[in-house]
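Chains as they are written, first to last, in my numbering: chain A, 1 to 665; chain B, 1 to 219; chain C, 1 to 317; chain D, 1 to 162.
Be careful, since some hints might not be right.
Said to hold, decoys possible - In silico SDA-like links for lysine to any residue, alpha-carbon gap of 20 Å or less:
#1 B:K27 <-> C:M197
#2 C:K287 <-> C:P202
#3 C:K287 <-> B:S29
#4 C:K287 <-> D:L3
#5 B:K27 <-> C:F284
#6 B:K27 <-> B:N97
#7 B:K27 <-> C:T194
#8 B:K27 <-> C:V184
#9 C:K287 <-> C:P154
#10 C:K287 <-> B:T98
#11 B:K27 <-> C:P257
#12 B:K27 <-> B:Q8
#13 C:K287 <-> C:V174
#14 B:K27 <-> B:L108
#15 C:K287 <-> C:G156
#16 B:K27 <-> B:F158
#17 B:K27 <-> B:L70
#18 C:K287 <-> C:F187
#19 B:K27 <-> B:T93
#20 B:K27 <-> B:A100
#21 B:K27 <-> B:T98
#22 B:K27 <-> D:L3
#23 B:K27 <-> B:T146
#24 C:K287 <-> C:V169
#25 B:K27 <-> C:R289
No lab work stands behind these hints, which were simulated from the structure alone.
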Amino acid sequence: MTLVQAGLLAQVAATCLALAAAAVVGPRHRARFAGAAIVASGIAGAVTGALALAGGRGSVTLPVSLPFDPVVLAPDRLGGFFMIVAGAVGAVAALYGIGYVQGAAASRTSWSAMAIFVLALQLVPAADDAVSFLLLWELMAVSSTVLLLADHARRAAVRSAALWYAVMTHLSFLLLLLGFAVLAAAGGGTGFGSMARVSSVSTAASAAFVLLILGFASKAGIVPLHVWLPRAHPEAPSHVSALMSAAMVKMGVYGALLVSVRLMPGGPVWWGLLLIALGGVSAVYGILQASVATDLKRMLAYSTSENVGLMFLALGTGLLLRSYGIGGPADAAIAACLLLVAGHAAFKTTLFLGAGSILHATGERDLDRLGGLTARMPVTSMAFGIGALGAAALPVTSGFVAEWALLQSLIHGANTQNRLVSVVMPIAVTVVALTAGLALLAFVKAYGIAFLARPRGEGAATAHESGRAMRVAMLTAAASVIALGLAPGPLLTAAGAAAGLPRVGPVGWWGIDLSGIGALLDPLALTTMAAAVLVPVLLVSVRLARRLPRRRVALPWGGGGVRLSPRMQYTATSYAEPLSRVFDDALRPERDVLVTHSAESRYLVERVQFRQYLDDIVETTVYRPGIALMDRIGLAARRLQNGSIHRYLGYSFFALVAILIVVSL
Amino acid sequence: MSANLFDQLIGLSAGVLLLTSVLLVWKRSLVAAARLLAAQGVALASLVAVIGVFDHDRQLVAVAGLVLVLKGLVLPWVLDRSRIRTGAVREETPLMNTTAALLALSLLTMLAYLVSQPLRVLAPGPTTAAVPVGISLVLYGFLLLTTRRHAISQLVGFLLLDNGIAAVAFLTSGGVPFVVELGASLDVLLVVLILRVLTSRMTVKFGGADLDDLTDLRD
Amino acid sequence: MNTRALVLAAVQVIVMAVLSPLLVGLMRQVRARMEGRAGAGVLQPARDLRKLFAKEPLRAEGTSWVMSVGPVVLVASSALVCVLVPLVGTITFPLVPDDLFVMVSVLLLGTVALALVGLDAGSAFGGMGSSRHMTIAALVEPTVLVSVYALSIPVGSSSLSAIVHGRLVHPSSVVAPVSLLALVALFVAVVAETGRMPVDNPSTHLELTMIHEAMVLESSGRDLAWLELGSWLRLGALLGLVGSLLAPWGIASSVTPLSLLIGVLALVAKLVVLGSALAAGEVFLAKLRLFRVPELLAGSFVLAFLAVTASYLVVQA
Amino acid sequence: MSLVALIRMIRSTGRIAEPAPAPPEGLPGRPAALAGSVQVRHVDAGSCNGCEVEIGGAFGPVYDAERYGARLVASPRHADVVLVTGVVTHNMSEPLRRTVEATPEPRLVLAVGDCARGCGVFAGAYGAAGKVGDFVDVDLEVPGCPPEPAVIVDALRRVTGR
């Protein structure tokens, strides 16, 4: 038995343990036991992934019920990379869940679903043939739907979100099924090995590519297939949101990499362009919506759309450059894609766990009613702050390194004789730059409004810090954001091994070296330099602080006024107002201003009410009409069904005759 | 004139053409539009003159003089007179806001570079290298025509379009016969005069020169 | 880490720390003279700074650690930008690219610190300034990246030192139309990023028109001193960068006392010229309405984008 | 106004600021920290706006108080001197106290105009709560109704010492 085999079996065993714990242990200790078993499963997954990434081989065949072939698990290097991500996020989220879950989310069903969800996430990248892949994929979808539904009895929004999620996820499944079917037919087998023999330039390959990419894009939350994301992420329990956003969505990216790098490398030029277009639109649209959103978790969900968009853009750039033989920048772009995957997993876990902690403490997700939490929840504040730095791609976090690599590959990729590339690259640079700028605004807003200044609502004013398990989980996740940002060298080595990129590697003190384009970055050296310039500033500050202590005053300066209420502060809505005005055409916000005049005179105003609604315009312009159309078709179809048993038998009979006719032809 | 100097002069004229047309889209002031068009006319004339001198083509130098007079002086002047008559100072409500128009501009420029690619591969040289600028001008002119509502802005768009066509013609064929240019110029002059009459009639009729008012005439 | 780069970095930070208050003083003086005033003298910002360090800082109820840490982060980020940007010389650390993205990210770290200081104040004005500041910062970023991208194309490297060095070697590239377009775009971006006219009025007293000033309304004593120094350093560094790109002459490419001296003198000359020109230009400008600023930025973006497009033309023709 | 006309005007106008008079002797016991740089926060505690016009003059190009290192600022947090004008009205008494409280030490309070010093013509009026000295400690008074810009500038120079 190889180590990889042992690891795979250990995950399954730990999951069985978790299931048993969830079923047997009473509600008082259930969370602790089941959670611990899932943490173990997650760690096993991450370790197995690391082994596979290091080149370890081994396969496990799990028999399932009769009509199907057994599930074959044999992770390769790329799968190993994603196993590490899924396992690490799973372990942290489960740890967090021990302290977080209450009510319906702490039930037997939820803990069992959680165990299966984490296992499925870890095993999807390990699948070695299409059937196993799809089975595990479906397992992942079903278990996550169950988790999402945890709170369905109390809130109608949960039911609606689950419905959207179930429909979209099955649409994605259908597309994947079709795509793999096309590939299997062309390659003569469902194994990934035989599929890889399909010529990338054939029509079948292109058809399969489009189907599969759309299927994976839907799972990954790429605009315009993202509609489930801003509904499901906010309504799920926060540790599940973290898992969904940081790990499950990545499976979509894994799928895209699987298709374009492992199964069908060297496809036509337009494959790359398709990915760049999908990714670019997704990135800009996602971050625009995130910057104007006021629901904290909805904002994080849209930011996921943005980040996945950047990953697709990076991957597409890699493919495009490869198809023109521009190897160095292409390697850098694909490496950037994997850096983004790991970086996003780290900071988005932190952010969702932080948002969960806020929700736990205040009962609020609405930024407009938060504020002043940094004094009341210092650990959450620190963790969320680090996560926000990462999401805003500021030094020295995992997000910064990834975005740096992406921009480097874009700039160096264009320096060629190729016209198409030199048109696409500047546009891509613009998209990435605009995205980065808006992300900055979005996360300054999220952190500043939620944690700084004074509380805007009752919940925020009476908040308290979360329990130990939650704090440890949040700090672990936050530490990984910094660690990946400070020492990205090993990560880049891993990424290079995962996608087979010879021209990237570590340099210096765990710095990264994109040798294909001659760009290197050592965040640790940058930090040292920052520390060096910080020292004199700090010395002056400390000396002065001894001589001149701070004096406390009662109120912020508000023109000397005595009734400065927290309601006069800027809210998340007002913070994003200039931006929503600038992007009026893209966001189409609806604004209602209701003026109530005083009874005595129309010139005196009693109260003014301002309300702003921001709908997802993709949803209102694409999905709503589609759903309305489906409704109409459904109503028409009802006429076929009148309850008469003879009529139903008649349908069957006609169907039989029709089939016979077709067969006989 | 050395080839190097020729390169630089062509580049400079083309640059001025491009810059003035970007400013034409950027600025909504109609006062500035007339001045920018005049500057553009001068740049176009210098472009023609440079080609003429380099190719030792007297006729082309004469055409340059014609361009200078017509596009650098007469047309902007007519335009400004029409503007004064309508009393308009700014394009108040374009159909597309300035920011969006500017972004569209960058994409149009890319498009111009893309479509002129075959031509530049066919005959590499400084004049063909500047062809995309001419095509950009044509595209910008269309953009103005479709997104501006004021009659004077329409005129500006039309003139920009015409400058673009002229620039492409000079750059690709290395010159247009004097008679042809004369005819084309007179056509343009005629169109401008007709539009001017139309504008003043509109001002009298509707009290403004917003072309959307013309939809009232449909019934 | 090589010593030469360390020496140069130290020289740049120290020189900029001395020069940037003088630069602001000079700009105020130029403006005052054009308005017919006598002016407070070039040294006035330095005096203000010395006084602010000697005053007690206040802390309002409900504000957090951000009010005291934010200013320090801003200064540190600006100082780090002074290290990274080629001002006096073009020698870089081997492992820290003086890459344009690294530079912009470090700059944005300061921007974020300032925006959080504004939000933490908990007054309506602070939030307002912060929101506007971040909106402009978000919209400026494409212009900055694309314009330096345009400048990087002839050199084939995004390192600022390499770009400046390349321009020093090939002076004809300085006056090429492409580089002029890109520089104009970059200059507009710098003006927006540092809160000068016509984007922001640094000498306004009217809270509703403020951007930068509104964020610092709540700070006092050394906090305010750091914020001011940080903003001045950032102005100095960015103007210095434009200066180095516009006129790369005199910049040191080796570390000897003489070349450093020449580099510093050249930097002073560039800052004096650019600062005076900027201040004089501001006299003729009125502040733009906030919602017309995106037009300005879109315009500068188009220039930068045209520069990139045209660069490929030049490279391939 | 066109650019050219503005340039011509700037050139033809030249320097408006009057030559600086001899510096007055410094205010005894003024904080050493404030030498050469004084930021001024102006509080209108209930003035008739006569003093405001004169303050505007003092900081305008002719008297140019800024050349002595004094500058008006938008927040008391930035200020060293709180410059109060007018008789203190009931509604402004608390904001005035808060403004001074919100000014970091070392700070000075300047009462400008007769109303601020001793209620002036508004003494005993409805709405007037008292003179500035009744609510906050005044360090320096500037007499006049309204005081001339030169006098205001003189007082500021006594603080800056320039």
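Results for each hint:
no.: 1; hint: B:K27 <-> C:M197; result: holds (19 Å)
no.: 2; hint: C:K287 <-> C:P202; result: holds (10 Å)
no.: 3; hint: C:K287 <-> B:S29; result: holds (18 Å)
no.: 4; hint: C:K287 <-> D:L3; result: holds (16 Å)
no.: 5; hint: B:K27 <-> C:F284; result: holds (18 Å)
no.: 6; hint: B:K27 <-> B:N97; result: holds (11 Å)
no.: 7; hint: B:K27 <-> C:T194; result: violated (24 Å)
no.: 8; hint: B:K27 <-> C:V184; result: holds (17 Å)
no.: 9; hint: C:K287 <-> C:P154; result: violated (36 Å)
no.: 10; hint: C:K287 <-> B:T98; result: holds (18 Å)
no.: 11; hint: B:K27 <-> C:P257; result: violated (50 Å)
no.: 12; hint: B:K27 <-> B:Q8; result: violated (28 Å)
no.: 13; hint: C:K287 <-> C:V174; result: violated (31 Å)
no.: 14; hint: B:K27 <-> B:L108; result: holds (18 Å)
no.: 15; hint: C:K287 <-> C:G156; result: violated (38 Å)
no.: 16; hint: B:K27 <-> B:F158; result: holds (16 Å)
no.: 17; hint: B:K27 <-> B:L70; result: violated (23 Å)
no.: 18; hint: C:K287 <-> C:F187; result: holds (17 Å)
no.: 19; hint: B:K27 <-> B:T93; result: holds (13 Å)
no.: 20; hint: B:K27 <-> B:A100; result: holds (13 Å)
no.: 21; hint: B:K27 <-> B:T98; result: holds (8 Å)
no.: 22; hint: B:K27 <-> D:L3; result: holds (17 Å)
no.: 23; hint: B:K27 <-> B:T146; result: holds (16 Å)
no.: 24; hint: C:K287 <-> C:V169; result: violated (39 Å)
no.: 25; hint: B:K27 <-> C:R289; result: holds (15 Å)
In summary, the numbered hints that this structure violates are 7, 9, 11, 12, 13, 15, 17, 24.
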